[in-house]
Structure formats: structure tokens, C-alpha cells
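Asker: Based on the sequences and whatever the hints tell you, model everything.
If you read the protein sequences in the order shown, they are chains A and B.
In terms of this note's numbering, the first sequence opens at residue 1 and continues consecutively.
In terms of this note's numbering, the second sequence opens at residue 1 and continues consecutively.
Watch out, some of these pointers could steer you wrong.
What the hints assert, rightly or not - Pairs of lysine-lysine residues, derived as DSS-like cross-links and limited to a Cα-Cα distance of at most 27 Å, are as follows:
#, chain 1, residue 1, chain 2, residue 2
1, B, Lys88, B, Lys23
2, B, Lys317, A, Lys239
3, B, Lys313, A, Lys239
No wet-lab data here; the hints were simulated from the structure.
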Amino acid sequence: MALSGLDIYKHLAKTNCRECGFPTCLAFAMALAKKQTSLDKCTHVSDEAKMRLESAALPPIRLIKIGSGEKVVELGNETVMFRHEEKFHHPAAIGFLLEDSLEENKLKEKLEKINKLRFERVGQLIEVNVVAVKQTKDDNNFINKVKLASQSTDLALMLMSGSVNALTKSLEILKDKKPIIYSANKTNFEDFAKLAKEFSCNIVVSAENLEELADLSGKVSSLGAADIILDTGIRPLAKKIADFTQLRRLSLLRNFRPYGYPNIAFIEESDLFRELSVASSLLAKYANILILRNIESWEVLSLLTLRQNIYTDPQKPLQVEPKIYPVGTPDEKSPILVTTNFSLTYYTVLSEVESSKISSYIMAVDTEGMSVLTAWAAEKFTAEVIAKTLEKQNAKDVVKHNQLVIPGYVAAMSGDLEEKSNWKILVGPREAAGITNFLRNLG
Amino acid sequence: MAVEFLKMKWANAINEVVIGATKQDGGSRSSVIKVGGQTTLPYLSDEGSIPNPPVIAYEIWDATPGDWSEVLKEPFGNCLGKPVEWAKKCVNEFKADLLCLRLMGAHSDYGNNSAEKEAEVVKDILKAVDKPLIIIGCGDDEKDNLVLPKCAEAAKGERCLIGSALQDNYKTLAASCLADGHNIIAESPIDINIAKQLNILISDMGLSQDRIVINPTIGALGYGLEYAYSIMERGRLSALNGDKMLAMPYVCFVGYESWRAKEAKALEKEFPEWGNEKDRGIAWEMVTATALLQAGADILVMRHPKAVGEVQKTINKLLEK
Numbered sequence: 001m002a003l004s005g006l007d008i009y010k011h012l013a014k015t016n017c018r019e020c021g022f023p024t025c026l027a028f029a030m031a032l033a034k035k036q037t038s039l040d041k042c043t044h045v046s047d048e049a050k051m052r053l054e055s056a057a058l059p060p061i062r063l064i065k066i067g068s069g070e071k072v073v074e075l076g077n078e079t080v081m082f083r084h085e086e087k088f089h090h091p092a093a094i095g096f097l098l099e100d101s102l103e104e105n106k107l108k109e110k111l112e113k114i115n116k117l118r119f120e121r122v123g124q125l126i127e128v129n130v131v132a133v134k135q136t137k138d139d140n141n142f143i144n145k146v147k148l149a150s151q152s153t154d155l156a157l158m159l160m161s162g163s164v165n166a167l168t169k170s171l172e173i174l175k176d177k178k179p180i181i182y183s184a185n186k187t188n189f190e191d192f193a194k195l196a197k198e199f200s201c202n203i204v205v206s207a208e209n210l211e212e213l214a215d216l217s218g219k220v221s222s223l224g225a226a227d228i229i230l231d232t233g234i235r236p237l238a239k240k241i242a243d244f245t246q247l248r249r250l251s252l253l254r255n256f257r258p259y260g261y262p263n264i265a266f267i268e269e270s271d272l273f274r275e276l277s278v279a280s281s282l283l284a285k286y287a288n289i290l291i292l293r294n295i296e297s298w299e300v301l302s303l304l305t306l307r308q309n310i311y312t313d314p315q316k317p318l319q320v321e322p323k324i325y326p327v328g329t330p331d332e333k334s335p336i337l338v339t340t341n342f343s344l345t346y347y348t349v350l351s352e353v354e355s356s357k358i359s360s361y362i363m364a365v366d367t368e369g370m371s372v373l374t375a376w377a378a379e380k381f382t383a384e385v386i387a388k389t390l391e392k393q394n395a396k397d398v399v400k401h402n403q404l405v406i407p408g409y410v411a412a413m414s415g416d417l418e419e420k421s422n423w424k425i426l427v428g429p430r431e432a433a434g435i436t437n438f439l440r441n442l443g
Numbered sequence: 001m002a003v004e005f006l007k008m009k010w011a012n013a014i015n016e017v018v019i020g021a022t023k024q025d026g027g028s029r030s031s032v033i034k035v036g037g038q039t040t041l042p043y044l045s046d047e048g049s050i051p052n053p054p055v056i057a058y059e060i061w062d063a064t065p066g067d068w069s070e071v072l073k074e075p076f077g078n079c080l081g082k083p084v085e086w087a088k089k090c091v092n093e094f095k096a097d098l099l100c101l102r103l104m105g106a107h108s109d110y111g112n113n114s115a116e117k118e119a120e121v122v123k124d125i126l127k128a129v130d131k132p133l134i135i136i137g138c139g140d141d142e143k144d145n146l147v148l149p150k151c152a153e154a155a156k157g158e159r160c161l162i163g164s165a166l167q168d169n170y171k172t173l174a175a176s177c178l179a180d181g182h183n184i185i186a187e188s189p190i191d192i193n194i195a196k197q198l199n200i201l202i203s204d205m206g207l208s209q210d211r212i213v214i215n216p217t218i219g220a221l222g223y224g225l226e227y228a229y230s231i232m233e234r235g236r237l238s239a240l241n242g243d244k245m246l247a248m249p250y251v252c253f254v255g256y257e258s259w260r261a262k263e264a265k266a267l268e269k270e271f272p273e274w275g276n277e278k279d280r281g282i283a284w285e286m287v288t289a290t291a292l293l294q295a296g297a298d299i300l301v302m303r304h305p306k307a308v309g310e311v312q313k314t315i316n317k318l319l320e321k
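Answerer: What follows is the structure, encoded as C-alpha cells:
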């Protein structure tokens, strides 16, 4: 939460000494709030005030990075309780828990399956992010399995172990992979915080309740581990939502430092549908990392799609560049279909044209990312706009016929559009699902 | 460390709407369904009360659905196209507490049934099962204006929930609901201002605020879900903050939207990387509903019994103290 000029003014010495170059302390405070000057220009500010002001200038929820290379994922730095207020910034990481009791070939098999969990939706790649390896046997076995995991996947790794020895040796192997240590608790936090500091990696802090968690995250942070992830333990769904709501509220609305970190949730449900239900609920309510037990493609596809929805910027709908796109290997005789540049609309049309196996062109009109009906109602998808786009995109040079297919929902503009564009208008189906049949019956 | 938690207290409660009427109230239902009444954001039970859990209504048709996938048709077997059998199956076998009858038979694509014929269907269903009923038109405004008043009359006194009233077509249905003692669904196109305006217009006709349910219009998972999600959150925040003209429960047509999604319908052999189509279709409906619960959905109109069962389990979990 950014401080106002008046909030800052309260902490200043109020000498009006002008050494900072401003006529009064209040003017200086106002400039500070707008980030036009810096606090070090003031020689009279007390150390305590300085600390408070500096901490207030930090983001209320720390941004942390997990993983390395191309697969690095940023988490935290969220600014709002509800996505319509601005947006949810950093999509929750989704991962899987694998126990080190798995035989090597089984472990490899599972990792291969996990690596394949990436899908393309509306022009974006959506994929999973984390592999957590949990120690259930001796240290050497754990270290070997961690090594195997790091060779078999590029995803971020989480090391779940209570053994300082096992962790230290694993961390030495994973040095530049920025793994996550799981986890510091009330009995081991000193050793674990030291490890996190030494290897500069992320560390999960686990506690049985929110009060204890505040206490512990403060202690771990004061021991020099900066990149903390909060874990409130295995709790019933309703309690978990209440916990995550408090973590976000207190960090955003009260700037409560001990909660100013991303969180993690483990979904301990063996049934796929139960696991997916709990994960979906928590994804909507503030979870930053979700760890599943099952590895199932339809489950992950559903969850990643929900993540894509929840983390879309409400002010900026996903859009494609307005232009004429070839689908397949179209030539000058191929049909040309017009739609809007809203990603969801465009990709839905695209996938239907593709499945018709009839090479075509799709012309995406700039409707500022609105769908067909919305854009039509808002006068962003009118005969005039479409006629202009045809001209601008040189549609006449792309195909040698002059037939344009328009969405069935805007059939009413046919006459007007024929007049304005000199193209012959063919009314297509209302829903994209009808495109395949339509195209097949066209020629 | 002593932490001062931040609990929100709100000025206003969501209206409680009663669907169905027992003998005592002049109807013939064995029980009624209450929705709304909460004084807190979704599932924050320690900040206010949630007197009525969200409910799931089974969607049934008076026609044979043309484009339902095999996965979706399978649980209903030979009941599809036989509304009375279908309704009985939902109540007796799937333990439905609430039914939503979609009068597709009135649509020109599905038989173009007369208003009188549709009214008979409503009567037959009310006779065959004793659970409260939601009645939805076929989506053709002109036809619905003929059909819905007849159906409202046929169900007089049963306190159904009937929809949908639209901004430019609400008077006929509102007058009908008023005359025959029903609740109304006010539908707006993912637009909070239109939702509010429509509630005002309907209230002005004399239908009290506790007889209106908002249909915010949803998109399925992956198909615009987030628009409805945020509209619902915004509406709910305004309502809790005191805006009485948005303090209506929400109804979401989850089954209708989610089973249109490509991911819910496509076969595994077309998209092997998406996994088996049976579980995927059910998951699509389930996740759509699960997310909307978090945005404040009060009535979920759903289709597949497995998806309904799973969402019911989630509702139970969300309400655990």
C-alpha cells in the first residue's frame, strides 16, 4: 500500500530546514509520495522513521522467483483482493508431489508425464511449473532422486526433507536452479533459514496456525532468508480459504510484513475430482502455489485453463493482431471469413476452420478485443469498420473473388456492408461450431 | 505473535428468495428451497452468516437435445425427450432437490410446440414430482412471451422461478409472475449496470425485491468465465455495501455453457493430449461451477449427475465450520 504525502509527513522531523531543496517538510513529503525525490536528501529523519518509510515503500507482498532458466516463475507482488480492482498479476504455480520411494524408472516416467503437461490455449502456452520431491527414506536415496529429477525436468524443484544433511547435499547439486526448501518449522527454523540464506533459495515456512506463522516468518526473515513462502498446513477447504484471505488482506490492507509473501497449498485428496475441486477453489481464492498428487492431463488442462481465466487482465482482453491470417495453404480462390480480434473469438473460429480442412483466410477486425456481439452492440464491428478493414488489409489482392463470409449474428448488416464494400456478403453460421459444415457446403 | 485479523462486516444482506410452495402456502411441493440471505462474501463464515447453502438444479428439457455429447446423454438413457421420466429420474435416482425445465420444445428448431402444449408439460411435471421448479423459455423472445405466461398460469401458486426477463423484454413475464405468484429471473448481458436497471424496472412493476434472481450470464471455463466472475464479485460487493437493487441471489446456467465448450465435447482420439473425454467433460462443468461458487453463485443449473455430485461435495466442504 503506497503511503500518501501526509502519511510520510507524520514521520518527518518537521524542521522546514530546506536542506532537501524543498520549501517545507510537507512539500518534501508530497514529492516523496510521488517518487520525485528520495529520502536520503533529508538529514534530520530518525533511523526509526527511515526504517518505517522504507518498509512502506516495499511492495506489500514480496515478489519471489522460483526455478531457473526459461522456466523461471514469478510469484507474489499482488496488489488487490478482487481482480476487477486491477488484476491478479502472477499466475499461481502448479506442481506435483513425488515421493522419493518411487523406483528410478517410475520416477522418470512420472517426470516425463509432467513435462508433457503443456497446452496451447487462445494463443498462449499454459503449463505446469513445479516438481516437489519428498523424502521418505534415507538421505542418500533422497539426494539421488533429487539429482534424477533435476536431470529429467526443467521445472522448478521443491526439496521436501527434514534433514539438513540431505538438503545441504541436494542444494550443492542444484546450485543455480533456485529450488524451494520445504520447510522451516518452529523446531528447525534456525538451521533451515541458514541454509536458505547460504544457497540464496526460497524457503517455505510452515506453521499450524496463522499466529504461529507470523511469528515464524518474522524469525526466518530476520535470520537473513528473504524469499519466504507461507504454508498454513493441511486444513479443511473452508479454513484454507479463510487463511489465504487473511494473509492477503493483512499484507495488502495493513502492510503486515510477516504475511507479505506468496503462499503454498498442498492438495491432499487422492480422488481426481476432489483434488481438482479443492485446487480450483483455492486458485480463485489467493493460492500462489498449488501442489497436486495426481498427474492427469484432463485435470491439469481444466486447472490451467481456470488459472488463465482468473489471471487475465480485466482491463485488457487478450487480442490478436488485426490482419488477414492464412489457415492451411489458401490461394486466391479460398474463402475469406471475417471475425473480431478478441483472442477467444479468433482462436475459436481458427480451430473450426482448421478442422474443416478447407484452406481459408480469416480476417480479424480490430474491435479492441470485443467478441462479435459485444463489438457489434458497441459499434466496433459495423459495416463501415469491416469495409475499411478490407481496404486497409488489401483483401482484394489476397483473393480474386469478392465473397466475404460474416458471422451469422451480424447477418443484419449484409446489405449495408455490400453497399459500403462492394463485396458480396455470405452469411455464415452464428456459432463457430457450424463453420466446418458451412465451409464444406460452400464450394 | 498476537495478530489482529481483519474481519469484514457488511451493511446489507442478500435477499432471501423462496422457491416452491408447500400445501400450507397454497402449492403442492413437499419442500421449498431458500437461497440468498447471506451477510458475508462467499464462504467467509466467520465474518457473517450463510443461512442457505448454494443449491444445484438439474436441467431437463421437454425435447430431445440435438447436440448433447454421448457423455452427457448417457446418464439419462431413454428419458431424453420424455420430460416427465427425465424429471422423475433426477428426483428419484439422482436425488435432485430442484429442477430446471427448459422449454426447448417451443423453439422452432425443436418442434415449435404451442403455448398450451408447453403448459401441459409443466402441469405433468408438477404432478409427477414434488420438488420446486425453475422454468426457462426457449430463448426466442416472441415465442417465450406466448409460452411463459401460459406456463406460469399452469403452475399458479407453486412459486416457481421463471425466466428470463430481459432489459427490452421484461413486462410480459413480470406481469405473469406477479399475477400467478412466481419468482422471476432477471437476465443481463454480463453488465452490472443493466442488471441493476432491470431489477429496478421489475420492482417498479410491483414484484418485490425478494422475488428476483439475477442471471448475470456466464461463460464457461475457458470461454469468458472470468467476465461473469468479476461482474458477480462486483455486484456482490455493492450489494453487501448497501445497494439493495443488486442484493439478489445469482443463478448461473453452468450446464448450458460448459457443455458447449470444445474441451467438454471433443473426443480423446481427436485430442489425445487432453485425456479421456468422459472425465474431461464432467470436469469442465464441475470447474465452471466451482469457480462461480467463489464469485457468489447461489443457484447452479447443471446437467451431468457426476458433476452435480462433486460440486455438492464442494459446497458441503465450503460450509464446514
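Asker: Hint by hint, say whether it matches the structure.
Answerer: Consistency of the hints with the structure:
1. B:Lys88 / B:Lys23: holds (20 Å)
2. B:Lys317 / A:Lys239: Status holds; Cα separation ~10 Å.
3. B:Lys313 / A:Lys239: At roughly 16 Å apart (the allowed maximum being 27 Å), Lys239 (chain A) and Lys313 (chain B) satisfy the hint.
Going down the numbered hints, you'll see the structure goes against none, and every one checks out.
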